Every structure is written in structure tokens, then in C-alpha cells.
Amino acid sequence: MKEGALVSSIVLTEGAAKKVAALKASESNDSLMLRLYITGGGCSGFSYGFKFDESINDDDTQITKDGVIMLIDSLSIQYLEGSTVDYKESLMGSQFVVENPNATTTCGCGSSFSV
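Following this note's numbering, the numbering of the sequence shown begins with 1 at its first residue and continues without gaps.
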């Protein structure tokens, strides 16, 4: 696990932390952590991905908010510096969203970006 300057530059909001805590409770598994990662693809070049993980890799950066842990691998973190991860609910649905100041172009759906 890597802890450094980037840890404080990525924010997990209270709303996102509450949603992760609720999902962990529904799974009855306190060891679950939210993993945020970047993959190639989407209409703008890169896509955000979210999944639950039970293990921390040596190169992971760990962000903690209200007892909830979010993990980001060393490859993905370079694209996420300064980002805010939130959970949004609307009539169109609900999802985790990333507000990324490094993204020069974003897709209309908000899940794809380019730098």
C-alpha cells in the first residue's frame, strides 16, 4: 500500500462513503473496499470502473472516509489526481461519479474521458 501526496488530493465524498457502507452492510462483509480503476475504452478513450475488493495490493493507494476504504492502483492514480468521487441519484438512475480535473474531454454519460 502506497501512501503519499496523491492520497490527500483525491476526495471520497461523504455521500459516496455512505453508499459504500450501505452496500457493504447489504453484502454482510465488512472487509469489502471500493476499488476505482481506469481502463482503456469508452467513446473518449478511458473509462472509470468501480468494483468491490477484499485485498490491498502493494501498489495500491488507500483513501479512507468515515471508515470506508477506497483503493486505486498505481497505473490508474496518475489519471485521477485532484479528482472527487461522489455518489449521485437522479431520475435517470444512481451511480458513483468521478469529477476529474485532468479530463480534457468527457462523454455525455460521464463514464468515459480523455486526457
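Be a bit skeptical, because a hint or two may be false.
[Said to hold, decoys possible] Taking lysine to any residue and the SDA-like style, the derived pairs with C-alpha atoms no more than 25 angstroms apart in a straight line are:
1. Lys19 / Glu89
2. Lys18 / Met33
3. Lys88 / Asp58
4. Lys88 / Asn57
In case anyone wonders, no lab produced these hints; they're calculated from the structure.
Predicted, not measured: the structure shown is a model, and the values here were computed from it.
Worksheet item: Has the given pair, Lys88 with Asp58, been kept, meaning a C-alpha gap of at most 25 angstroms?
Response: 31 angstroms, violated
Discussion item. Just to be careful, I want the Cα atoms of Lys19 and Glu89 compared with a cutoff of 25 angstroms; is the pair within it?
Written reply: Distance of about 11 angstroms is within 25 angstroms: holds.
Fill in: Agreement of Lys88 and Asn57 with the hint, judged by alpha carbon distance not exceeding 25 angstroms
28 angstroms, violated
Worksheet item: Holds or violated: Lys18 with Met33, Cα cutoff 25 angstroms?
Response: 13 angstroms, holds
Violated hints, listed in ascending order, are 3, 4; each of the other numbered hints is respected by the structure.
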